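Chemist: So you can see what is in the structure, the chains are spelled out below.
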Amino acid sequence: MSIDSETAAKVAKLARIRVEDDALPALAAEFNTILGFIEQLGEVDVDGVEPMVSVTPMRLKRREDVVTDGDIQAKILSNAPDAREGFFAVPKVVE
Amino acid sequence: MADLGTLTIAEARDRLRAGDLTAADLTESCLAAVEAAGALNAFVHHTPEIAREQAAAADARLQAGDAPDLCGIPLGIKDLFCTRGVASQAGSRILEGFLPEYESTVTTRLWDQGAVMLGKLNMDEFAMGSSNETSTYGDVVSPWRRGNDATPLTPGGSSGGSAAAVAADLCLAATGTDTGGSIRQPAAFVGIVGLKPTYGRCSRWGIVAFASSLDQAGPMTKTVQDAAIMLGAMAGHDPKDSTSADLAVPDFEAALTGDVRGKRIGLPREYRMEGMPEEIETLWHQGAEMLRDAGAEIVDITLPHTKYALPAYYVIAPAEASSNLARYDGVRYGHRAALSQGDGVTEMYEKTRAEGFGHEVQRRVMIGTYVLSAGFYDAYYNRARKVRTLIKRDFETVFADGIDAILTPATPSAAFGLGEMGQADPVQMYLNDVFTVTVNLAGLPAISVPAGLDRQGLPLGLQLIGRPWEEADLLNDAHVLERAAGFDAKPARWWA
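Going down the list, the protein sequences come from chains P and X.
The numbering of the first sequence is this note's numbering, which starts it at 1 and goes up by one.
The numbering of the second sequence is this note's numbering, which starts it at 1001 and goes up by one.
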């Protein structure tokens, strides 16, 4: 499995990270090095093996279905790069 | 003022309680050491006002009697822990300016005991790295040097600031986190003790997430006894972290009996790596002899899937990271890129993440995105999770056969020079974690203990791996190894 610049561009798009076109070949080469390393997993016989879901067998705890938090709008917004009138502000979304 | 930063937690605790030392004096001594150690670049956010306030409160509590173990003990906190009103950037530009409105559970527990925060410690960006070279704050420089050679060396990573600060006696101990070896590898590189507890022993709430099924916080200290004391303060159930275990926290310090007679210690043959320096192989054998001399039985064991741990890790950790790091979008906190006329929300995400994430983080987020993408999910992600099941089974098998703990080298080499490793090939850097990463995949507790110096005069560590939830026994084994090894080397103080 080899990754070309086009696939690298697609992955960057999915990850929402801007990568300039001239950086794509080097990025693709790095992906290939890492994926080449990961390919070793293909040697392992995993027939009938369950994929791990939780590393320690535990039942997730349940709690009462009640509100335990809230009324902290100012705290929630205090770190926003742009907050207005009690909301997070983002550029216009025009389709 | 005498250099009080050289004290262990246990020594300082006893002197504070006896009244022949005040938390204020201890704190001032550490603050002065921190100020003088700018060349190490270990502390990246200094909090002297908070430290002095906490020290005054600790002194009052000590006077009143019944002060907990950590009352008045100055600590450094890895930048990954959210601390209320104090910069918490995870070593990343994307969290520039972020001031948490809340405190992580682990640090809350430390402050509740009366511990003193000196400041925040440098680290690899989002804990992704093994050399502390991916931080937005710049590299941490190890206090150790190769003899008289002034080449700057790595303190290891990702908890590189924590390791350097403890080794240089800037603080009595520090918090670290370990996703693939990020406590144990730096501890080994600088000659201190680093403990990764069982997954679920310490709450992850308020710690910036990297790979949630692998991340675990733990202490980085000068001695095994200190690790026992500090783990006791950090550990415990937290309703805010559904994966934190609802188990009693034992008195870890009381478990340090020094008696390992009859214990069965396994040496896994798969950890004998090709190309491993002979010194490390020798040290490993010496460590086994020390435990044998103390009455333990040394047993050769096999962990057949060891070889596949790193490749499985480099699927699972990036996959989880790509999901966890999706939250950094320039909307709710941290950095937002300046936008051009006409840029929409997608451009904002893409530019913000390109500017805010460093190269290694971008690479791992994209690898994670790829292995989770349609068509590759089964081939990569699911296969890696199956291999993880097999790796855990390897350990379960040897423990079921009566092995109490496993002894291995902590790292495949001593510390290397900054800039010397893995510039072209990221996989070369990943190999640093070859002995530590299996433990995260299996959720086990493990500890790195300083055991000797290599021929360049640099520290080397040995790792002990324990059964799940049996940190008390593990710490006792480590205590015996520590005493037998008698490691007492200190770096020459070139930085102050």
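Mixed in with the good hints, there may be bad ones.
Claimed, not checked - Computed list of lysine-lysine pairs in DSS-like fashion (alpha-carbon distance at most 30 Å, straight line): (1) X/K1263 to P/K61; (2) X/K1351 to P/K13; (3) P/K61 to P/K10; (4) P/K75 to P/K61; (5) X/K1351 to X/K1307; (6) P/K75 to X/K1490; (7) P/K10 to X/K1351; (8) X/K1263 to X/K1392; (9) X/K1240 to X/K1392; (10) P/K75 to X/K1351; (11) P/K92 to P/K13; (12) X/K1307 to X/K1240; (13) P/K61 to X/K1392; (14) X/K1351 to P/K92; (15) P/K92 to P/K75.
Rather than coming from a laboratory, the hints here were simulated on the basis of the structure.
Being a predicted model, the structure only gives us computed values, none of them experimental.
Chemist: Determine for every hint whether it applies to the structure shown.
Modeler: Do the hints match the structure? See the list:
no., hint, in the structure
1, X/K1263 to P/K61, "violated (35 Å)"
2, X/K1351 to P/K13, "holds (11 Å)"
3, P/K61 to P/K10, "violated (39 Å)"
4, P/K75 to P/K61, "holds (28 Å)"
5, X/K1351 to X/K1307, "violated (38 Å)"
6, P/K75 to X/K1490, "violated (45 Å)"
7, P/K10 to X/K1351, "holds (16 Å)"
8, X/K1263 to X/K1392, "holds (22 Å)"
9, X/K1240 to X/K1392, "holds (27 Å)"
10, P/K75 to X/K1351, "holds (26 Å)"
11, P/K92 to P/K13, "holds (20 Å)"
12, X/K1307 to X/K1240, "violated (36 Å)"
13, P/K61 to X/K1392, "holds (24 Å)"
14, X/K1351 to P/K92, "holds (16 Å)"
15, P/K92 to P/K75, "holds (24 Å)"
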